[in-house]
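Trainee: The two chains are supplied separately, each in an independent frame; assemble them into the complex guided by the hints.
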Amino acid sequence: MRTIAFAVALALAAGLPAAAFAQDEGPSTAEVDAVIEAAFPGLDEEWAARLAPDETMEQCNASANVPSDAVFEEIRARAAGTIVYPDDGVLVGSWENGEKLAQSGYGMRFSDYPPRRENGGNCYACHQLTPQEVSYGTLGPSLMGYGKLRDYSEEAVKAAYEKVYNPHMAFPCSMMPRFGTNGVLTIDQIKDIVALLMDPASPVNR
Amino acid sequence: MQKLMTRKISTVALAGALAAGLALAAAAPPAGAQTDEETQRGLERFRQMLREDPWANPALLDADRGELLWTTAAGPKNATLEDCDLGLGPGVVDGAFAQLPRYFEDAGRVMDVETRILWCMQELQGVDVAAYVKRPHPSGGQPVKDVGAIATWVANRSEGEPFAPVLDDAAGRATVAMGEALFNRRSGPFDFSCATCHSASGQRIRLQELPHLSQPEEAQVAIAEWPAYRVSSTHVMTMQHRMYDCYWQMRMPQLEMGSEASVALIAYLVDKAAGGEIAAPGIKR
Numbered sequence: 001m002r003t004i005a006f007a008v009a010l011a012l013a014a015g016l017p018a019a020a021f022a023q024d025e026g027p028s029t030a031e032v033d034a035v036i037e038a039a040f041p042g043l044d045e046e047w048a049a050r051l052a053p054d055e056t057m058e059q060c061n062a063s064a065n066v067p068s069d070a071v072f073e074e075i076r077a078r079a080a081g082t083i084v085y086p087d088d089g090v091l092v093g094s095w096e097n098g099e100k101l102a103q104s105g106y107g108m109r110f111s112d113y114p115p116r117r118e119n120g121g122n123c124y125a126c127h128q129l130t131p132q133e134v135s136y137g138t139l140g141p142s143l144m145g146y147g148k149l150r151d152y153s154e155e156a157v158k159a160a161y162e163k164v165y166n167p168h169m170a171f172p173c174s175m176m177p178r179f180g181t182n183g184v185l186t187i188d189q190i191k192d193i194v195a196l197l198m199d200p201a202s203p204v205n206r
Numbered sequence: 001m002q003k004l005m006t007r008k009i010s011t012v013a014l015a016g017a018l019a020a021g022l023a024l025a026a027a028a029p030p031a032g033a034q035t036d037e038e039t040q041r042g043l044e045r046f047r048q049m050l051r052e053d054p055w056a057n058p059a060l061l062d063a064d065r066g067e068l069l070w071t072t073a074a075g076p077k078n079a080t081l082e083d084c085d086l087g088l089g090p091g092v093v094d095g096a097f098a099q100l101p102r103y104f105e106d107a108g109r110v111m112d113v114e115t116r117i118l119w120c121m122q123e124l125q126g127v128d129v130a131a132y133v134k135r136p137h138p139s140g141g142q143p144v145k146d147v148g149a150i151a152t153w154v155a156n157r158s159e160g161e162p163f164a165p166v167l168d169d170a171a172g173r174a175t176v177a178m179g180e181a182l183f184n185r186r187s188g189p190f191d192f193s194c195a196t197c198h199s200a201s202g203q204r205i206r207l208q209e210l211p212h213l214s215q216p217e218e219a220q221v222a223i224a225e226w227p228a229y230r231v232s233s234t235h236v237m238t239m240q241h242r243m244y245d246c247y248w249q250m251r252m253p254q255l256e257m258g259s260e261a262s263v264a265l266i267a268y269l270v271d272k273a274a275g276g277e278i279a280a281p282g283i284k285r
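Protein chains in written order, with this note's numbering: chain W, 1 to 206; chain F, 1 to 285.
Treat each hint with caution, since some may be false.
[Unchecked claim] Partial list, derived from the structure: chain F residues whose beta carbon lies under 10 Å from chain W:
id : residue
1  : Ala195
2  : Arg206
3  : Leu207
4  : Ser262
[Unchecked claim] Stretch-level coverage of chain F by chain W, calculated; a stretch enters the list once three of its residues show a Cβ under 8 Å from a Cβ in chain W:
id : region
5  : 181–193
6  : 198–205
7  : 244–257
[Claimed, not checked] Computed Cβ-Cβ distance ranges for the label pairs, DEER-style:
id : chain 1 : residue 1 : chain 2 : residue 2 : range
8  : W       : Ala38     : F       : Asp169    : 18 to 24 Å
9  : W       : Glu96     : F       : Gly75     : 54 to 60 Å
10 : F       : Gly75     : W       : Gln132    : 42 to 48 Å
11 : F       : Asp53     : W       : Gly183    : 47 to 53 Å
12 : F       : Gly75     : W       : Gly183    : 31 to 37 Å
Just so you know, the hints here were simulated from the structure itself, not pulled from any lab data.
Here the structure is a predicted model, which means the values were calculated and not measured.
The beta-carbon is built from N, C-alpha and C at its ideal position, and this holds for glycine as well.
Just chain F, same shape as in the assembly (with noise of 0.2 Å):
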């Protein structure tokens, strides 16, 4: 509880000084030009203060308010999620994140955790799932939506602890190769693959750097951090959005959050990052 109130009180000093000018507007167009050198600034000062004080990052808030969401009963049946089996048995959350994606009995598919957590919405609460997955992330400026702030706390849950995906089942195997063949499928008119952007070291699209997601050391330190606060959209983005987000720049239509794509995606992602130590939630450009 100390700790909690330390958290707010860091976390609110914080957005109060970013509210005061340190450059990051709300409304930053994605991969706008312009905006790259403010954000880079705002990106490098936001660093700094958090290695002075780890609790000034704005996404423990929202991991907080995953926590809330957890404990609180809600949807249809009127029911908490604290029954929710992430992997390591109903309920139990430290630890779990670091052992995600994996296959789940129950479901019969290998889930991630965001894809998990929606199920355990769905079964344990009767929320509407198809009618979340129309709408699942937000948009420049908007806070982080239900399923990516209790994501945000789970895997906040696992930092520390180096990434253990359970996947070397058939099951895991068959989702990280699909995963694989996904990376490097090109399609649409401007005939990008993910490879095109990240498969190989120290390249960028204008100043962004683009990290080398088939080589581990990068997938390690890139895919620790997630969920991450982005602090060009000033929200936490989780790696569902991650996705979506990247095959918009692909030209490729809306991906269906929690699809079997999605998933394989994320998996083939997190196979690459074993080992890696989380470091969630972290801060993006």
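With the rest of the complex left out, here is chain W (with noise of 0.2 Å):
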């Protein structure tokens, strides 16, 4: 109640219309976290963890997504600090086995269990990468000649491949999935989507 008569005297002395500022609050974290809990009953510890948004997750929702410069950069370093490489160094994969990866959305439904295909990255759901796959979708921007654009460079590579491990290190909040630190691809499976992206015989830069 304080927090609305303060809000709503700054509103006045701001020179605002104070209807803007007169809603009721939203719910707490808590609160909402609740009704969560309760929408999906009977979980064991696997799925229920799925509820909660971690620390990176938690600070995007309290910022809409667009965190303050201070939080900004905790998001990116603790993105920095979940990278694993793979043991000998080299990041380029088979482009044709990261273009079936794109293509697939298979993987972490409810309805995909037991596993019966390796999960995929999805990428055309959101991205348009090469001239032969007129259906992608538009939520990220087009990755077409992706790393002919970028001189096929080493620091290039290294990046791609930390956007697609997790792109909060580039972009904190991102809308994109976190495929590496999330599990959802393994680093060979990363591997081959960086060769879709950077390797020159690629479709996506040919």
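Mentor: Set out below in structure tokens:
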């Protein structure tokens, strides 16, 4: 109540219409969490874990995906700390397999258990990638010519690996899934997807 | 009665036409890329047929089934649903859907149409709601379950009216605020919230257009048609089922029908759609 009165006073002082502030306050995070838990009863531990945002998601939720500068840096640093690189340092696998993974939306839905095949990356759901595939989504930017536009440089290969592994290192509160950090794709699968983006022979670059 | 017969005949004719090859595979996988184009073609044919003959909508068969379920004694108490209060008083169906979701004194909570029908089945007929809620939605090709059929009929009886959900009391406002928080809440292995896919105009997942549901103009058009005949799964899909299916895409567990979260999301969406003209049952991809 006091916060509302204070907000109204502030709004008046700033010459803004008080109505913009005089709304009900939203529910607390604890109230929202409780409603979510009640909506998905009877879960085992692995499934129950999906209900709770981790620290990064908590920060993104709290800021409507526009974190303050300090939180932005915190998210970026945390994301960087989660990235695991291949032991042999080779970041590029097979683009042919990467294309298959980019096409596949299979995996981790409740109808996907027990698993019948490997998880996909579903990149085409959100990105244009190759001229051959016209059924692509537009939630993310077009990635056509991705490697070519970056001269296939070593830094660009590493950055692509990191963006797929955990996009929050480059774009805190990104809308793109954290394929590596969240265990959706394996290191070998991510290498194949990096090849799709960065191999000069890949249809993405031809 | 005359109208009912005509409706049945044209619906049966359309069902035949569909079976004869409108490319609507009964077992279409949800969101399968290969079937997108076929589905799109089927959808366009469908919409055109409906322009020529609105009674050809297969969902109207389910609405008829819903009406029959409403007026037929059933359950351990062997009662009909004719005394069910959908918000405008016991037995009043016309226009009731337009004013849902709303707070119900007797239940002590805000309810959407399906949650309310389920509640009436429990209270008036003595139906075991817990058992019903275990499998509340049909799989591809199966007809919509009983609550959904009744909801289709109830929604149809508000066709042409503007959405005017009763959500301006304290319980309603709290429910809409909860719905908004849930709409924007990210969790699960893909870090999705509803807003990931539904908070901008003109975006697509693959070729499927994604309505901007937090924007009234788009919400009004999209929400108005629910429950809807869904061409890709060849059955009526309800709003509770839609919520369940979007959580499935989000890699979340199975959303409980009638849960507070499900009602809050629907209340949030219908609140956004307020003023939009109800066109239920509609047709969806």
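Trainee: Hints first: check each against the structure and report whether it holds.
Mentor: These are the hints, each one checked on the structure:
Because the smallest distance between the Cβ of Ala195 of chain F and any Cβ of chain W comes to about 8 Å, under 10 Å, the interface hint for this residue holds. For Arg206 of chain F, the interface hint holds, since its Cβ comes within 10 Å of a Cβ in chain W; the closest pair sits about 5 Å apart. Nearest Cβ of chain W to the Cβ of Leu207 of chain F: about 5 Å, under the 10 Å cut. The hint holds. A hinted interface residue such as Ser262 of chain F counts as satisfied when its beta carbon comes closer than 10 Å to some beta carbon of chain W; here the least separation is about 6 Å, so the hint holds.
Counting residues of the region 181–193 of chain F whose beta-carbon sits less than 8 Å from any beta-carbon of chain W gives 12, enough to reach three: the coverage restraint holds. Residue count for the region 198–205 of chain F with a Cβ under 8 Å from a Cβ of chain W: 4. That meets the three needed, and the coverage hint holds. Requiring three or more residues with a Cβ within less than 8 Å of a Cβ of chain W, the coverage given for the region 244–257 of chain F holds, as 8 such residues are present. For Ala38 of chain W paired with Asp169 of chain F, a C-beta distance near 22 Å keeps the hint of 18 to 24 Å intact.
Take Glu96 of chain W and Gly75 of chain F: their Cβ atoms lie about 58 Å apart, and the range 54 to 60 Å holds. Separated by about 56 Å at the C-beta atoms, Gly75 of chain F and Gln132 of chain W break the suggested range of 42 to 48 Å. The supplied range of 47 to 53 Å is met by Asp53 of chain F and Gly183 of chain W, whose beta-carbon atoms lie about 51 Å from each other. Distance hint for Gly75 of chain F and Gly183 of chain W: a CB-CB separation of about 46 Å, inconsistent with the stated range 31 to 37 Å.
Checked against the numbered hints given earlier, the structure breaks hints 10, 12 and satisfies all the rest.
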